[in-house]
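Make the full structure from the sequences, and use the hints.
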Amino acid sequence: MAEATARILVVDDEESVRDILRDFLTFEGYVVALAADGREGIEAAFTEPFDLILTDLEMPEMSGLEFLAELQTLRNPPPTIMMTGYGTVESAIEAMKAGARDYILKPFQIEELAHLIERTLDHARLEADNARLQQLVSLYQVSERLNSATSRDEIADVLVQAAANEYGADAFCFWELDTGQWERVRVWPDPLPDHDFETFLNSFDSLELLRSFHEDQPLLLSGAGFDRYFHEANGRPAAGMIVPLRSHGRVTGMLAAFSFSRARTFTESERRTFQIYSDRAAVCLANVRLQQHLQQTFMQTIQGLVAALEAKDEYTRGHSERVAQWAQIIGELYGLSEQALDDLHRAALLHDIGKIGLNLDALNRPGKLTDEEIENFKLHTLIGKRILEPVEFLQGSLPAVTHHHERWDGNGYPLGLAGKEIPLGARVLAVADAFEVMITDRVYRKALTLQEARDELARSAGSHFDPAIVEVFLEWLDQFDSVDELPVKGGRRRDTVRPLHSAGADTTPENSSEQAGGAA
46 MAEATARILV VDDEESVRDI LRDFLTFEGY VVALAADGRE GIEAAFTEPF
96 DLILTDLEMP EMSGLEFLAE LQTLRNPPPT IMMTGYGTVE SAIEAMKAGA
146 RDYILKPFQI EELAHLIERT LDHARLEADN ARLQQLVSLY QVSERLNSAT
196 SRDEIADVLV QAAANEYGAD AFCFWELDTG QWERVRVWPD PLPDHDFETF
246 LNSFDSLELL RSFHEDQPLL LSGAGFDRYF HEANGRPAAG MIVPLRSHGR
296 VTGMLAAFSF SRARTFTESE RRTFQIYSDR AAVCLANVRL QQHLQQTFMQ
346 TIQGLVAALE AKDEYTRGHS ERVAQWAQII GELYGLSEQA LDDLHRAALL
396 HDIGKIGLNL DALNRPGKLT DEEIENFKLH TLIGKRILEP VEFLQGSLPA
446 VTHHHERWDG NGYPLGLAGK EIPLGARVLA VADAFEVMIT DRVYRKALTL
496 QEARDELARS AGSHFDPAIV EVFLEWLDQF DSVDELPVKG GRRRDTVRPL
546 HSAGADTTPE NSSEQAGGAA
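Numbering (our numbering), first residue to last: 46 to 565.
Incorrect hints may appear among the rest.
[What the hints assert, rightly or not] Simulated restraints, written as ranges between beta carbons of each label pair:
#	residue 1	residue 2	range
1	Glu434	Ser183	38 to 46 Å
2	Leu460	Pro236	43 to 51 Å
3	Glu497	Arg431	32 to 40 Å
4	Phe153	Asn247	53 to 61 Å
5	Gly294	Gln206	54 to 62 Å
6	Gln186	Glu420	47 to 55 Å
7	Asp64	Gly294	37 to 45 Å
8	Asp198	Thr71	48 to 56 Å
9	Glu437	Leu460	22 to 30 Å
10	Lys491	Asn332	24 to 32 Å
[Unchecked claim] Pairs of lysine to aspartate or glutamate residues, derived as EDC-like cross-links and limited to a Cα-Cα distance of at most 20 Å, are as follows:
#	residue 1	residue 2
11	Lys151	Asp64
12	Lys491	Asp529
13	Lys430	Glu466
14	Lys151	Glu115
15	Lys465	Asp529
16	Lys151	Glu60
17	Lys491	Glu466
18	Lys534	Glu497
19	Lys534	Glu377
20	Lys534	Asp486
21	Lys142	Glu111
22	Lys430	Asp526
23	Lys151	Asp82
24	Lys151	Glu139
Rather than coming from a laboratory, the hints here were simulated on the basis of the structure. Heads up, the beta-carbon is just placed ideally off N, CA and C, and yes, glycines get one too.
So this is what it looks like as structure tokens:
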């Protein structure tokens, strides 16, 4: 006797054949469904899951071969045995090419069919076991990718790939519950292929369906199942799989995968693995937020030290914040990646942290700096590197902190690097640092006008600065007529503080800060 879980669909236009097969298969312990022709068979196969299909070759309305062809549009079509009383070698080959697993001629011995069914189901079970093993491998691989993700966007990317590759979904959406409101984090594909589907998704954003996830209820929806939540059919997909993200016992978001084809519905098994991905993603999102909070706390601590350092020298107050804003602008103009911009922004905020290890009294003392004082000042880049080097998430910022006083012609410090030997972030930071100093009031001069600062940058391109970076920055500055129009504000007038020399910006060689070299 067969396991009662095996479900068999019999598709045959002869009622007597259907009845005989139903009685025999039921006796053998199978769950049996009947269809009188190919169209009925397709409707049944697209509506319910079957472990095996027996179909006739010659039928009205839709032949067995046409039935097989449409059946193959299912993502996982059940194995099919073709039955016919008009068997030839050619028809057998054609049936196998169309997707039939096996072939039997009418009239046949019932024992022969029983053996064929058992063999086909055994083979299908082996394939199912292999598929489950592959599913476990995929589950592990997706979990590993989620674990290595360092941002919400990376987590969303992994989930999109899983929805498309593991489940054959046509669309995916990821919502987070933020301060009591549902935020749509990611929609795939982008742009959506159908305006009506966009309308459908919009209805999700404020629907009772979202609120239902406070009750932690994953859903599999198809056909009329959508009617419970949606009164309008426009844009409604054929099937949906919706699971909550859960963290520390509460719902923090939800994931949804959709199919636009009746041939692709989602199974309870797929829903369970989708929930596993969701649970893993929720943990990873919580870890990302914690890591970001720790990084933010560390940055605030370090920035507090920088602010305390700048407070000792009034002209530099707020200098690092403004340099960070200019570095962001120049980096974007030069086409830096998002990660490179993040590293650059941190480097700009912390570029003077090494001065905390120096005695800066000499910089505020009348008269020129001694050679020893100049060399001592130049150590601040290496001190900054030593301070920040143990911090893992600042590794990408270290090159800019260390080398922002290098010069394009090789006459800078600490290593005398030249040209493209200088890290790109450091080259951008050098321009941002110098420009901020140029347009800020100094004790020995007022702030340069925008035109004067532009001229100074142009003169220093190819000696102090990377000429390509200066070129894109000057082109962008063309839209402004004065410093007051610039988007980065700061640098109020001062009268009592001795400045450091900006690269190329100081027109009074007798100032001791010129000997220190580079911008503050």
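Cross-check of the supplied hints:
no., hint, result
1, Glu434 <-> Ser183: 38 to 46 Å, "39 Å, holds"
2, Leu460 <-> Pro236: 43 to 51 Å, "48 Å, holds"
3, Glu497 <-> Arg431: 32 to 40 Å, "37 Å, holds"
4, Phe153 <-> Asn247: 53 to 61 Å, "56 Å, holds"
5, Gly294 <-> Gln206: 54 to 62 Å, "28 Å, violated"
6, Gln186 <-> Glu420: 47 to 55 Å, "54 Å, holds"
7, Asp64 <-> Gly294: 37 to 45 Å, "55 Å, violated"
8, Asp198 <-> Thr71: 48 to 56 Å, "54 Å, holds"
9, Glu437 <-> Leu460: 22 to 30 Å, "24 Å, holds"
10, Lys491 <-> Asn332: 24 to 32 Å, "51 Å, violated"
11, Lys151 <-> Asp64, "15 Å, holds"
12, Lys491 <-> Asp529, "14 Å, holds"
13, Lys430 <-> Glu466, "18 Å, holds"
14, Lys151 <-> Glu115, "24 Å, violated"
15, Lys465 <-> Asp529, "33 Å, violated"
16, Lys151 <-> Glu60, "15 Å, holds"
17, Lys491 <-> Glu466, "35 Å, violated"
18, Lys534 <-> Glu497, "18 Å, holds"
19, Lys534 <-> Glu377, "19 Å, holds"
20, Lys534 <-> Asp486, "13 Å, holds"
21, Lys142 <-> Glu111, "12 Å, holds"
22, Lys430 <-> Asp526, "38 Å, violated"
23, Lys151 <-> Asp82, "17 Å, holds"
24, Lys151 <-> Glu139, "17 Å, holds"
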